[in-house]
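Student: From first to last, the protein sequence lines stand for chains C and L. Following the numbering used here, the residues of the first sequence are numbered contiguously, the last one being 163. Following the numbering used here, the residues of the second sequence are numbered contiguously, the last one being 183.
Check each hint, because a few of them may be wrong.
[As the list claims (entries may be wrong)] Simulated crosslink set (PhoX-like; lysine-lysine; CA at most 25 angstroms straight-line):
(1) LYS63(C) x LYS36(C)
(2) LYS58(L) x LYS94(L)
(3) LYS137(L) x LYS116(L)
(4) LYS63(C) x LYS91(C)
(5) LYS137(L) x LYS67(C)
(6) LYS116(L) x LYS63(C)
[Claimed, not checked] Distance ranges between label pairs, derived from CB positions:
(7) SER135(L) x MET8(C): 37 to 47 angstroms
(8) THR13(C) x LEU108(L): 31 to 41 angstroms
(9) SER54(L) x PRO14(C): 50 to 60 angstroms
(10) ALA34(C) x ASP139(L): 46 to 56 angstroms
(11) ILE143(C) x GLN123(L): 38 to 48 angstroms
(12) ALA34(C) x PRO47(L): 31 to 41 angstroms
These are computed hints drawn from the structure, not numbers from a lab. In this text the structure is predicted, and so the values were computed from the model without any measurement. Idealized CB from N, CA, C, for every residue including glycine.
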Amino acid sequence: MLQKGTPAPEFELFCTPDQKIRLSDLAGKKVILAFYPADWSPVCSDQMALYNETLKYFRKYNAEILGISVDSRWCHMAFSADRKLHFPLLADFEPKGSVARAYGAYDEKEGECLRALFVLDEQHIIQWSYLSPTGINPGADGILDALEELTQPVKS
Amino acid sequence: MAHSLRPPFSDKDHFQGDINAPLELVEYGDYQCPHCGRAYPIIKHIQSQLGKELKFVFRNFPLSESHPQAFAAAVAAEAADRQGAFWKMHDYIFEYQSRLPLEPFEAFAKALGLDSQRLIHDMQDPALSTKVDADFDSGLHSGVNGTPTFFINGKRYDDSWEEEDLLAHLQRMLVKH
Numbered sequence: 008m009l010q011k012g013t014p015a016p017e018f019e020l021f022c023t024p025d026q027k028i029r030l031s032d033l034a035g036k037k038v039i040l041a042f043y044p045a046d047w048s049p050v051c052s053d054q055m056a057l058y059n060e061t062l063k064y065f066r067k068y069n070a071e072i073l074g075i076s077v078d079s080r081w082c083h084m085a086f087s088a089d090r091k092l093h094f095p096l097l098a099d100f101e102p103k104g105s106v107a108r109a110y111g112a113y114d115e116k117e118g119e120c121l122r123a124l125f126v127l128d129e130q131h132i133i134q135w136s137y138l139s140p141t142g143i144n145p146g147a148d149g150i151l152d153a154l155e156e157l158t159q160p161v162k163s
Numbered sequence: 007m008a009h010s011l012r013p014p015f016s017d018k019d020h021f022q023g024d025i026n027a028p029l030e031l032v033e034y035g036d037y038q039c040p041h042c043g044r045a046y047p048i049i050k051h052i053q054s055q056l057g058k059e060l061k062f063v064f065r066n067f068p069l070s071e072s073h074p075q076a077f078a079a080a081v082a083a084e085a086a087d088r089q090g091a092f093w094k095m096h097d098y099i100f101e102y103q104s105r106l107p108l109e110p111f112e113a114f115a116k117a118l119g120l121d122s123q124r125l126i127h128d129m130q131d132p133a134l135s136t137k138v139d140a141d142f143d144s145g146l147h148s149g150v151n152g153t154p155t156f157f158i159n160g161k162r163y164d165d166s167w168e169e170e171d172l173l174a175h176l177q178r179m180l181v182k183h
């Protein structure tokens, strides 16, 4: 898995049935990448619901969150509408899992993304990453700690 | 990543039981969450089993996007606290959770014999929503990942909270203590 200090690999993925988003579209913003195994599964649903409640906290740090799984854009659209999510879910669908692989966050055996989190600074350098056990929702504390640390005034 | 309770318990928290009890169980809960509703009688049983060995603390974690009445319910319980009835309101809401979307909090207050006008008035006080927000914020920083999330003696508890599992866990901790 890519570690702190690594420039985040660029990607372009569908975020709605007819729109794509590139990482570089978010230039000048901190970015949280939340790779997760599958739409609809219980742990992923709880995790995405939690981030949905946490958006205003993320935005306070000038950060946007992107959820990424191998589910298709149509599946994401239904899941997102059902759970009333207010942030984009990206379809790492074709070639399957290629973005997750680039970040070292792909589970070859299951054919799904791992439950991996990355926090990128405004220059999109990875500043924090965390691999959660697949069955456990990591919560938002690690992300918030990383964002807080990035916002600390530089010590002279 | 170790998830620990931030900030730790203080006497400003809502708690039941002996403040110096060897076991401290903190719940981050949402009054409209069905899982929290199911946890409610389990906690009651565990409290009666463990008696003075257990301090139970409740902090608010309303998932407003999923549960439209959860935040207002949290504020209502905080408002009831001003009439010395936090736990009465807490219990009542969980016991009659299904009425949340249907009945005004005024009716809840009346059923509990509280001053309902005062409760409605107090619910408008921004200090109470600030308190609920502060609980939510502390939950996020503590690693709350859904509701209910429990912390036992300051550490997030990720295992089953079915009554026999949670009770057995607490009893094992008591032996070690």
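Student: Just pull the numbers of the violated hints for me, sorted ascending.
Tutor: Of the numbered hints given earlier, those the structure breaks are 6, 8, 10 and 12, listed in rising order.
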